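Chains as they are written, first to last, in our numbering: chain A, 1 to 424; chain B, 425 to 973.
The hints are simulated quantities; they were obtained by calculation from the structure and are not laboratory data. Quick caveat, the model's predicted, so the values are computed rather than measured. Note that the Cβ used here is the ideal one computed from N, Cα and C, for glycine as well. Heads up, a few of these hints could be off.
Okay, derived cross-link-like pairs now, PhoX-like style, lysine-lysine, Cα gap no bigger than 25 Å in a straight line [to be verified]:
#1 A:K306 <-> B:K843
#2 A:K382 <-> B:K558
#3 A:K184 <-> A:K271
#4 B:K889 <-> A:K305
#5 B:K430 <-> A:K305
#6 A:K306 <-> B:K749
#7 B:K430 <-> A:K306
#8 B:K667 <-> A:K281
#9 B:K851 <-> A:K306
#10 B:K430 <-> A:K70
Label pairs and their in silico Cβ distance ranges [said to hold, decoys possible]:
#11 A:E210 <-> B:N909: 55 to 61 Å
#12 A:E368 <-> B:E772: 54 to 60 Å
#13 B:E442 <-> A:K412: 33 to 39 Å
#14 B:E897 <-> A:E210: 42 to 48 Å
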Amino acid sequence: MALEDFRRDQERCSECNSCKWIPFDQIKSQRFAIGCPSIAYNNFTGYSARGRFAIGLALNEGRIDLYSDKLQEIVFKCLTCGNCDVAHKVCRYDVEPLDHILEMRKTLTGAGQVLLEHMIYIDHLRKEDNMMLEPKAKRGDWAKGLDVKIATDEPCEVIYHAGCRFSFDEELWPSARSAATILKNAGVDVGIMGKDEACCGSRVHSMGFEGEYRKFAENAIDAWKTQGVKTVVTSCSDCYYAFNRLYPRLGAHFEVLHTVQYLERLIKEGKIKFGKSIPMKVTYHDPCHLGRQGESYVPWDGVAKKIKGQINLFNPPKPRYTGARGVYDAPRNVLKSIPGIELVEMERIREYAWCCGAGGGVRMAYPEFSGWTAAERIEEAKSTGAEAIVTTCGHCERNFLDAVETAGEKMKVLDVVQLVEQTM
Amino acid sequence: MALTKKIYQLFEDIVGPENISNDPVVLASYQNPINRASNHMGPFYDVFTPQAVAVLLPACTEEVSNIIKVCNKYGLKLKAFSTGWSGMGYPCEDDTIQLDLRRMNKIIQIDDKNCFAVIEPYVIAAVLQAELMKYGLNTHNIGAGAQASPLASCAYLGPGPDSVFMGFSNENLLGGEWVLPNGEIVRFGTLGSGSGWHYGEGPGPSVRAVLKGLLGSMGAMGVITKVALKVYPWPGPAVLPVKGTIPAYYTELPDNFKYYTLGFPTWQAFADAQHKIWDAQIGYILHRQFNKMGCDLKAGVIRILTESDRHLNDLEELLEDPEVKRHTEEARHDFEIVLAGMTPRDIEWQEKALEEILAETGGWKVKAMQDPMRNAWGMLYLIRWGHKNLNYLYSGSYEGTAGMSGSPDFGIQHIDKVKAFKQEWDKKGMMVADGGDSSMGSVGVIGGGGGFGWEVHACFDSHSKESVEGTLEFFDAMAKFMKENRLGPEKSKHMEPMRQSDGRATPQEARNKMFGATPFPIVYKYQKKVKDAFDPYDLGDVFYKYSTD
Numbered sequence: 001m002a003l004e005d006f007r008r009d010q011e012r013c014s015e016c017n018s019c020k021w022i023p024f025d026q027i028k029s030q031r032f033a034i035g036c037p038s039i040a041y042n043n044f045t046g047y048s049a050r051g052r053f054a055i056g057l058a059l060n061e062g063r064i065d066l067y068s069d070k071l072q073e074i075v076f077k078c079l080t081c082g083n084c085d086v087a088h089k090v091c092r093y094d095v096e097p098l099d100h101i102l103e104m105r106k107t108l109t110g111a112g113q114v115l116l117e118h119m120i121y122i123d124h125l126r127k128e129d130n131m132m133l134e135p136k137a138k139r140g141d142w143a144k145g146l147d148v149k150i151a152t153d154e155p156c157e158v159i160y161h162a163g164c165r166f167s168f169d170e171e172l173w174p175s176a177r178s179a180a181t182i183l184k185n186a187g188v189d190v191g192i193m194g195k196d197e198a199c200c201g202s203r204v205h206s207m208g209f210e211g212e213y214r215k216f217a218e219n220a221i222d223a224w225k226t227q228g229v230k231t232v233v234t235s236c237s238d239c240y241y242a243f244n245r246l247y248p249r250l251g252a253h254f255e256v257l258h259t260v261q262y263l264e265r266l267i268k269e270g271k272i273k274f275g276k277s278i279p280m281k282v283t284y285h286d287p288c289h290l291g292r293q294g295e296s297y298v299p300w301d302g303v304a305k306k307i308k309g310q311i312n313l314f315n316p317p318k319p320r321y322t323g324a325r326g327v328y329d330a331p332r333n334v335l336k337s338i339p340g341i342e343l344v345e346m347e348r349i350r351e352y353a354w355c356c357g358a359g360g361g362v363r364m365a366y367p368e369f370s371g372w373t374a375a376e377r378i379e380e381a382k383s384t385g386a387e388a389i390v391t392t393c394g395h396c397e398r399n400f401l402d403a404v405e406t407a408g409e410k411m412k413v414l415d416v417v418q419l420v421e422q423t424m
Numbered sequence: 425m426a427l428t429k430k431i432y433q434l435f436e437d438i439v440g441p442e443n444i445s446n447d448p449v450v451l452a453s454y455q456n457p458i459n460r461a462s463n464h465m466g467p468f469y470d471v472f473t474p475q476a477v478a479v480l481l482p483a484c485t486e487e488v489s490n491i492i493k494v495c496n497k498y499g500l501k502l503k504a505f506s507t508g509w510s511g512m513g514y515p516c517e518d519d520t521i522q523l524d525l526r527r528m529n530k531i532i533q534i535d536d537k538n539c540f541a542v543i544e545p546y547v548i549a550a551v552l553q554a555e556l557m558k559y560g561l562n563t564h565n566i567g568a569g570a571q572a573s574p575l576a577s578c579a580y581l582g583p584g585p586d587s588v589f590m591g592f593s594n595e596n597l598l599g600g601e602w603v604l605p606n607g608e609i610v611r612f613g614t615l616g617s618g619s620g621w622h623y624g625e626g627p628g629p630s631v632r633a634v635l636k637g638l639l640g641s642m643g644a645m646g647v648i649t650k651v652a653l654k655v656y657p658w659p660g661p662a663v664l665p666v667k668g669t670i671p672a673y674y675t676e677l678p679d680n681f682k683y684y685t686l687g688f689p690t691w692q693a694f695a696d697a698q699h700k701i702w703d704a705q706i707g708y709i710l711h712r713q714f715n716k717m718g719c720d721l722k723a724g725v726i727r728i729l730t731e732s733d734r735h736l737n738d739l740e741e742l743l744e745d746p747e748v749k750r751h752t753e754e755a756r757h758d759f760e761i762v763l764a765g766m767t768p769r770d771i772e773w774q775e776k777a778l779e780e781i782l783a784e785t786g787g788w789k790v791k792a793m794q795d796p797m798r799n800a801w802g803m804l805y806l807i808r809w810g811h812k813n814l815n816y817l818y819s820g821s822y823e824g825t826a827g828m829s830g831s832p833d834f835g836i837q838h839i840d841k842v843k844a845f846k847q848e849w850d851k852k853g854m855m856v857a858d859g860g861d862s863s864m865g866s867v868g869v870i871g872g873g874g875g876f877g878w879e880v881h882a883c884f885d886s887h888s889k890e891s892v893e894g895t896l897e898f899f900d901a902m903a904k905f906m907k908e909n910r911l912g913p914e915k916s917k918h919m920e921p922m923r924q925s926d927g928r929a930t931p932q933e934a935r936n937k938m939f940g941a942t943p944f945p946i947v948y949k950y951q952k953k954v955k956d957a958f959d960p961y962d963l964g965d966v967f968y969k970y971s972t973d
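This is chain A alone, in the form it adopts within the complex (with noise of 0.2 Å):
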């Protein structure tokens, strides 16, 4: 694909605004109407769904220019989180705004148009395999005294991959470490690849940089087809997305499971049992890459065809990623299946969940933005009345626990893992 490749959206775009607002059926209140963290943040229209394909257009037709410091930060000024992808779907079949900006990052990337603060992170990725700026000797260190099979050793039918943030971020490591517990525990025959583990790609690639992601994608898959994984589980969104939406585009055939989903799994089958109540009202954050970016891959390879004169369609169908086949079920089955926990709703959740801040490079190149997104988040679960906001993303908490220290707030950041670990 080419940017030129995304004219048709860029011209239809109907400037109706929906890209900046939930889906207009689910606003409830008018401090949680808004969908779209960067134009809530930086008001001018540019920094829109709807901005980014008049600029885009302008882009193709050559009345602006590419080499322009302001083009640069509209363009990465973008959390990639899809709320605007999935307002615009309940009405729009033929416009696809995510994938639009993440087509115009690649332009700008492959054009030497890129942010000095990413660079930073490229250059440790490149060279550490990991963009939290921390050795890649340190990699496995969230794991030791862990009697977990290292999958380089020994063969095991399930991965747990940690991803970059529970590895490096100490912080962190107890929901890493609970995750591959639990699982042990319950009999599955779970791996870790310890040292080996590398970066999945999937912030790499929402940055813009194809050929870094690629790279990393072929790299775990190439490693798991050698060691005979069939089912690869994490507790980071993002590595979930990319597994599960990103890597089938290279030919990646394992199942694909986050934790969370396991852990219901297991639940279901009775092999996890609750022991104490944890008494708590506690509030659930959709991370954007489980949730409505959590759609499964389907492959598709089809021609434009019309009906009725000018329908247009694709034959076969085009599959159409509206956020509603994303996992959101699995984590409220988990939590609603804790002795003592009380579930309670934010105005927006699921496939119209508001981002946590942390996504698309926003918290590397702009953590003022990142923060206040957080920080929004924060309030809306407050309002909820609950004491503890849980999730299933280490980027999402990350942020969170931030964003709390920051404001001195009171609430409580968990992971659902946690959680359950606590009341085994």
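Following the hints, position chain B against chain A.
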């Protein structure tokens, strides 16, 4: 005058550096294909509005006033929009400042005792409705959809699906705050005499007619910064209980709400029922809506929209389904109605009245839309009005073409001719062959009833040169047909008196000719005097319409 550094600095001093930009990338995002609110002409014929010299995001009335004063001092034009949905909100001349009013987004007051809400420009209808429902109130939604600004349309006409119960936008305008084209701030209605927001005609200046002109000031007569709007009872839950999987959202409301699609054996029965409904004073929402998808296609499309896994590819197969065929035939002469009972007795009475009207006219409740899921979907659609974008569903572009506002008895005499005319053009394959009748509109275009606003849609593919050119030919032919039959304006050309084909202002002489050539001229020469009096520096543009001939 061009935007010099000195003038830029003056603007920056007013709104702050983060709320002004003349960066080419930002300005490009504010250029609009000239008719983008509806038809896109794609790579072949799309023309962009002239680029503004700067975009400003004011936060309050005083900032707007100061911006206007600077514009007038240095001979700059000004164009403001609330949400920017329509091409009319963008410049049509060089050296124009674009105001984007999105930072003015406060709901200032909801007075539930006196039934009004005070809002700023960027409060959209969906948001206002959600907040009002907490007080047992509701707001009028204009036809443009829940993403539109109720403030913006109060200086226009603003009919909508609920006009039978909640009137037009301009009818709901109470007190308000208006920055004149000379920068002076006028507080009108009761607000102008310090008596609050509750009445539009005073004591205090009464300016509603000036604001509206004959058919709206379209952003060319200063900037309205706050208005009080009359709001209406909402006898439902404080929060719309929305369920379902995208895009098939639906709502299940208490028994005092009923939604029906009503079908009739003939157009005459269709019109008679409308008169009887108005006479009986029943109905909360009254609109012909789903027919916009085309009389031959709507039954299939509704199934696609109400089942989340379905796709447009299913349409042809669905249209062969006997139940869908039955639905199609039952709904040839149809419109939608939502009843909302303020009490159990009220809904009981409204239901009985409706039954009687159906019996007298030979009408029926379209069975397929009584299906619980489709009914709950239709209820949400009509109440929240958040699906305007379905107009683009088929091929990415559409335009209203034949328009026949007036008594339903007028339109029913001609709709079959219009339908037959469009069907002939549909056969050429350049537009979506929807059955010819894709008319939709508000059943109650005068507050409380009395008229029906027919608007026939033509859907086409903006990325097919054949389709665009064929549709443009159709628009010309339809305009001729409408004129010959004295049926009212052909709607695709509604921007022409303001913008030429290059997106720039149409010269006055040409405008005079166009106005004079329409069956129902919608301008007065007197409006020029109003323009001269209120806009001495010519701040606004040609969208404030008048004739000099």
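Which numbered conditions among the earlier hints are violated in the structure presented, ordered from lowest to highest? 5 and 7
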